[in-house]
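The residues making up each chain are set out below.
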Amino acid sequence: MEHQPFETWLLNDDYLDPQQQRELRRHTAACSQCAGLARANLSLRAAPVAQPANGFALRFQRRLAAQRQIQRRRTYIGLSLLTLVSMGLLLWLLTPLLPYLSLSPAQFLMTWVEAVVFISSLLQAFATLSEVFSRIVFGLIPPAAWLVFLMASAGFGALWLVSIRRKPNHEKVYSRARL
Amino acid sequence: MNEEKTWIVQAQQGNDEAFTQLVEQYQSPVYNLCYRMLGEPELAEDAAQESFLRAYQNIGRFDRQRSFPTWLLSIAAHYCIDRLRRRKFGLISIDEEGDDDDRPLEFADVTAVNPEREAERREEQQALQLVLQKLNPTDRAALVLRYWYDFSEIEIAESLRLTVPAVKSRLHRARREVARRLEAAAPEPHLERMPYGTPAL
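Chains A and B, in that order, are what the protein sequence lines are. Quick note on numbering: the numbering used here labels position 176 of the first sequence as 176, and the sequence is numbered without any gaps. Quick note on numbering: the numbering used here labels position 141 of the second sequence as 141, and the sequence is numbered without any gaps.
Where hints are given, some of them may not hold.
Far from chain B, by Cβ distances over 12 Å, these chain A residues were calculated [to be verified]:
| id | residue |
| --- | --- |
| 1 | HIS3 |
| 2 | THR111 |
| 3 | PRO142 |
| 4 | SER153 |
| 5 | LEU159 |
| 6 | TRP160 |
Cut-off 25 Å, straight-line C-alpha distance, at most; resulting in silico cross-link-like pairs (SDA-like, lysine to any residue) [as the list claims (entries may be wrong)]:
| id | chain 1 | residue 1 | chain 2 | residue 2 |
| --- | --- | --- | --- | --- |
| 7 | B | LYS168 | A | GLN61 |
| 8 | B | LYS168 | B | LYS5 |
| 9 | B | LYS168 | A | THR75 |
| 10 | B | LYS168 | A | GLN4 |
| 11 | B | LYS168 | A | GLN33 |
| 12 | B | LYS168 | A | ASP17 |
| 13 | B | LYS134 | A | GLN33 |
| 14 | B | LYS134 | A | ASN41 |
| 15 | B | LYS5 | A | GLN61 |
| 16 | B | LYS134 | A | SER32 |
Pulled a few chain A residues facing chain B out of the computed Cβ check, cut under 7 Å [as the list claims (entries may be wrong)]:
| id | residue |
| --- | --- |
| 17 | LEU11 |
| 18 | GLY36 |
| 19 | ALA40 |
| 20 | SER43 |
| 21 | LEU44 |
| 22 | VAL49 |
| 23 | GLN51 |
| 24 | PRO52 |
| 25 | ALA57 |
| 26 | PHE60 |
| 27 | ARG63 |
| 28 | ALA65 |
The hints are simulated quantities; they were obtained by calculation from the structure and are not laboratory data. From a predicted model like this one, the values you see are computed outputs, not experimental measurements. C-beta: ideal position from N, C-alpha, C; glycine also.
Bound conformation, chain A alone:
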């Protein structure tokens, strides 16, 4: 028998039947390369299992406790920082309102009424503008164009939905190919 099958057995570390073992022994007696491989396999199989020092689990518990303490400290520091930043931000946001605190109740009420009136008139103006604009637009664009626009939108929407549904399938094929 040639050298190659023996080397393959040894490199694969195959399970050999008694006949194959006898043949391998005969071959390794004559082939130093295969003898070296056989010795390496035997050395690896003969190596004992290293044991940790006594009390490993206890040391783990201590380490876990220390880790938790660090975690708690980090959480505490993080929360404190978040609170400080939030308070600072709140103060900064409230700064423009501080002058109102010096007003009398009547002045304060008047200021608020003025603000409400201003906002409502602004909204009213916006509503009037939108109404005028929509009238002009609907008058200019023919109904057929609206129909085309709506159909195109529906088509694009459908395409978008299909592309979303197909994406996970691609991922599955990819992961299978990788395995």
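We have chain A already, so just place chain B on it with the hints.
The following block gives chain B in isolation, referenced to the frame of chain A:
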């Protein structure tokens, strides 16, 4: 095995006592893997502890359909590979690496016959350990998982996130390398374990 599943379920529910049982159960395999990967007892202890800590932090995500030791050893192997890479690129300080005193590891010895044989056996083991340290970290992890834990090529591939042909190729390369380095001075090894046994688990 049922007991182990119970511990896993309890640990996933936040029971520290159950996780400690798992630590007790798997301390030797995890420590042995770390020792074979890193080569020094202090580093192995630290890496094994860190691996268990990572397992503890991620136990909630463990899929109970999978084998727990495979998952755990995969965490330890990745941690060690990462550590060896960081060491290679000088990202770990000397302090972090622990004392470099070349102290030989004490193996649990139940078969010591005489001091001469014991010394010879230790020499063999140290030679093998030195050879292992010369291998590429991923090749080393594949070899350790194959010989100490009897992992199949598929299991090694899953644990190390490699393809099966890549595992095969790495094992071939690692075996050749070990043989080449041991060839010069290797005495006939004294077989302590069954040739195809899996004592680590």
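Contradicted hints - numbers only: 7, 8, 9 and 28
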